[in-house]
Amino acid sequence: MVSLRDGAIKYISMENWMAYTGPVILNAQPGVNIIAAANGSGKSAIVCAIALSLGFDVSILSRGDNIRSFVKRGSTKAVLKIGIVDNASANGIIHIKRRISLSESISKNKSSESGNKSEGTTVKHNTNVKNEWFIDDKPVTLDYIKSLHMKLNIQVNNLLTFLAQANVGKFAAMNQHELFRSTLKAVDPQLYTDLDLLIDLTNQLKSRTSKSQLIEQELNSCNIKLSELNAINDSMIKLREAQLYSSITKLRLHKIKVSNLNKGLATTKKNIADYNGYISRDEGELKMLQRKFDKTKKEANNLLEHAKDRMRSATELNDLNSTVTVNGEPHKVFEEPNNNVIDKIYFQSITNLKKLLSDFKSEVSRRKISEDNVDKLKEKLEFLNKEIASIRSTMVSTNELVDKIAECKITEESLRYRLQKFNSKQTKSFSETQLDSLLKRLPYTKREHFNLYIKHCQKHNITPQNIVINDLKVNGKLNCCIVEESLGKYLECFILDNTDYNANISLLKDFRLPMITIPEVEHILCNVTPKMKEFGVVAFLHEIIDSSSITKQVLSSVAQINESFIVDGRKLNINNKNEGFYTRFYKIMIEEISYQLGRPINTLKYYIGNKKHIYKLIQGNDDLYTDTETTINQPKILIDYSNYQNCGNDREDVEKIQIELNRITDQLYSLNKQLNEQNNANKHISRKLYALTRQQISVEKSLKSLFPTSESQKDRNWRTELKETKMKQIEFINKAISIKTDIIMKWLEKSSDIRNNLYEANRTYKLYLNSEIELKQIQDALNTSTDALKLLKTKLETLQNTQKEQEERISFYNDSIRELENSIKSSKLSNPVDGSQRKSTAEIIKEFATKINHLNEGELEKELIRAENQVKQLESDDCEQSQIIKKINEGEMLKMKLIQDLKDIKQSIEATNMERNAKFSDWSTEIKSLVKEIDTKFGRYMEYIGDGSAGQVRLDIDLDNIKESKIRILVKFSREKDLLPLTTSYQSGGERGVTTMVYILAVQYITKNAFFVIDEINQGLDSHYERKLMTLLLDDAIDFREEVSYDSKKAKLGSPQYFILTPQLIPGIDLRKATLHFPLNGSGIGSDLTVLWY
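Numbers 1 to 1094, taken from the UniProt record's numbering, label the letters of the sequence shown in order.
Mixed in with the good hints there might be a few duds.
As the list claims (entries may be wrong) - Listed below are the simulated DSSO-like cross-link pairs for lysine-lysine, each with C-alpha atoms no more than 30 Å apart in a straight line:
1) LYS531 - LYS616
2) LYS636 - LYS612
3) LYS489 - LYS616
4) LYS740 - LYS726
5) LYS151 - LYS81
6) LYS1028 - LYS1073
7) LYS409 - LYS380
8) LYS886 - LYS851
9) LYS851 - LYS238
10) LYS440 - LYS269
11) LYS77 - LYS10
12) LYS295 - LYS776
13) LYS862 - LYS459
14) LYS225 - LYS238
15) LYS211 - LYS851
16) LYS455 - LYS533
17) LYS612 - LYS446
18) LYS966 - LYS919
19) LYS977 - LYS928
20) LYS688 - LYS386
21) LYS886 - LYS211
22) LYS977 - LYS966
23) LYS477 - LYS489
24) LYS895 - LYS839
25) LYS795 - LYS455
26) LYS409 - LYS673
27) LYS72 - LYS97
28) LYS977 - LYS206
29) LYS571 - LYS473
30) LYS1008 - LYS81
31) LYS776 - LYS795
Simulated from the structure, these hints should not be mistaken for lab results. Since the model is a prediction, treat every value here as computed from it, not as a measurement.
Whole structure, please, built from the sequences with the hints as guidance.
Here you go:
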């Protein structure tokens, strides 16, 4: 039994796949597998399942553009399984599984109609696809699945091996070059790769050959030019010697400077290392002090808490409200002044005695006073009541005055705060503030160059050139965002007028400052037209910038502020509901701006809020364009000028505030004076009212005393009552003295504890005070160490900046030294034209070096100035000769470069040509053998399928035109006709179909491919050709057992598989050597029949 090749199909299973519900399983066999069924039964579903279960794209099937269309309608999940032969694996079969899951999501978009303000919601259903891959039930990635294609030589994407029904037309339309490449890929992918390598080597060879020819032409031109220039070289010897001497002097000077700078750099690095050590040491000491401070502070806090506890205990013992128990009753140790028992008894006795005396006097007085006196007292009481009421009515309320004074004081404080705020404002101008903002954000090097330029101008009394940012004023924060985004890189540039250009260009170059010049042609500044306003255009950029006309012209030439414009986003959002709004917007903007500029434009730059838009037409077509949107950042340099404008009237505001403050102060003085007068008047009235009230009370008491309250009072024994009162009070006083004595004795017992607690608290508090003194000393030491550490870090930063500057200068001088050395090495002084001999260049260089070798740095500076002046003098004597020398030097350098380039490229051409020839020799031998084998089989098969039919396969390859390599198929279907190329002009559709099948059969056993799929290729063929082709597939005489002369090793690969899909079987053919599969699908099939058998 013939074995299967690696990559052959063992089985294919489909579940919820196209026409099948499943799971439906097809068990494949070696040799020919015929899948026969009527149209619509699911034959093509098997072809699609083979391709898509192996990870190939749906595009190779030409049946749809998405995997969703292959899942059975109504299902949300489909499963494909396929068994692939792999003799190297454990079980000899790789089981690949693909699970496809569909899910729906709903998105809602709000939309509003332009005709009314009502809003609607558009519901959109989206289908999401999830693919899961498994090998032997273990999850893998799609990339891993694709890696098996190369390993097992699976070529579903090759029309020679996998010809789906929808791709038959594609195969017939293949040209001879594509057929050749497809054949190579099917037979051996390495041959296909080698072809691409040969094409690449041929292209490289052609490119390098063309380049070498160009270099040779340029080298010949350079030699001719040098010959012409060398003819007049004799008159330039002095100038070249002067230049050489200047270069040698400069080289010597720069080497001395580098040496000195290296010494200084070494010193700086040593100082940096020392300061790093000092800083590390001080930081360690600072940490130790901090730990000591924390420890001492903790001890001091503990001492303070201990002292507080002792004081708290003493306070509790010494509490005036503390009580002691005497005779079973609680008593306070120290009675309050108004709650002393003895005092109470004493005052009670006095009170009783006074009451008794008062009663006695009243009784005596009552008896003396007659009824007339009572009437007089009543009249007097009535008069006093009226007088008191009258006086009370004259008293004035001061509440209203107090409220006014409070209100004035609040106003006064507010005015004084505003006055203080105005007086504290800075006095810098807007331009200086905005320039400071720019300098803060410049890199260190640029900022230093700028400062050096300013100092230079101040030193030499030169007016500095105007900088762009000094002539810009922009109102509004959003406008500042827009202008800074558009002009960001030009804000630091200096503006040079053409009249003083030559005078200042060298100065600005020395300081490496950026600069821009005023354009020679004045730019047109566009304005907003009525049509542009209808689309929400607010202004052009030059209109929101307050600057001089020169600055606007300069910025228009470099940043196009005369064409960029701003759009009101609110108006744009209202209008863009209309259909085609943006198309009309772009069209109107381009027309209006082009008309004002007098030239057509294809680009628009405009701003909507904090978004920048750049619109570009593609190839001048209005329907093809791009509109890129980016978000602009907040301004970092430009300052809103409107804030400074609001501060322009500060002086007037201060005067107004001062006037208002003076008025409020005067009003406060007047109100306080009125309040004092009213308080004085009320004070005199109160005294008089107090005297009258006392008289009123006295008269009321006199009236009450005239009338006894009871009958018993008339016959009282005054002496007996006085004696009884005396004895009772003496008894109370004795008892109170006894109790107080006991209380004092009890308290004395507690006094010892109070004294001990106070002593301990005093001792602990003294220790706490000592700790506080120590803490203060440690804190002072901490502050001193921190200040010293900051000073060291500041000095370290200064040293690091110095190191950076020294390194930059060393780098600059080293670059200059390398340039000078290269220039001196390339110097060549030729002999004069008259034939006289002179010193060689090396001797002259040695002589010049000896001459300046003993000079120090200062003497070299002077010698360099003298040498450069001599060079300038010689150059001014004959400027044309200087240019010739320059051209000769450049020509010689170019010649050396061209010679080296030509040598390199010729070596590369030789190496590439050798590699290509060797590769082509091996490859062409193998290809010719391959095509010869295909030609033999193709001719034999063509003779077999019809009487008079014949065919040949011809190979056209050329090393120099390897890209056009092709296979030509020549066929005929009649003895009377000649062999003709396979084209639509010479053969019918059926004849081309037959030729296609015969060519595939001729290639099949030469390939390494494991299986072939041919879907309904017999459509349009007559029965004769169908039988012949099927016989070729099944006949033992032309089967795999035939000797394979191309590569006998390929016979060991095993038999390839064929999957032939046909709507009906051909009668009269012995199909015993084929495996037949009949898909059963349709309304007459039971739902329980889910397996496809063969």
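Verification of the hints:
no. : hint              : in the structure
1   : LYS531 - LYS616   : 21 Å, holds
2   : LYS636 - LYS612   : 17 Å, holds
3   : LYS489 - LYS616   : 23 Å, holds
4   : LYS740 - LYS726   : 21 Å, holds
5   : LYS151 - LYS81    : 19 Å, holds
6   : LYS1028 - LYS1073 : 15 Å, holds
7   : LYS409 - LYS380   : 49 Å, violated
8   : LYS886 - LYS851   : 26 Å, holds
9   : LYS851 - LYS238   : 17 Å, holds
10  : LYS440 - LYS269   : 28 Å, holds
11  : LYS77 - LYS10     : 24 Å, holds
12  : LYS295 - LYS776   : 13 Å, holds
13  : LYS862 - LYS459   : 24 Å, holds
14  : LYS225 - LYS238   : 22 Å, holds
15  : LYS211 - LYS851   : 48 Å, violated
16  : LYS455 - LYS533   : 49 Å, violated
17  : LYS612 - LYS446   : 29 Å, holds
18  : LYS966 - LYS919   : 18 Å, holds
19  : LYS977 - LYS928   : 27 Å, holds
20  : LYS688 - LYS386   : 14 Å, holds
21  : LYS886 - LYS211   : 27 Å, holds
22  : LYS977 - LYS966   : 24 Å, holds
23  : LYS477 - LYS489   : 19 Å, holds
24  : LYS895 - LYS839   : 25 Å, holds
25  : LYS795 - LYS455   : 24 Å, holds
26  : LYS409 - LYS673   : 15 Å, holds
27  : LYS72 - LYS97     : 17 Å, holds
28  : LYS977 - LYS206   : 43 Å, violated
29  : LYS571 - LYS473   : 27 Å, holds
30  : LYS1008 - LYS81   : 24 Å, holds
31  : LYS776 - LYS795   : 28 Å, holds
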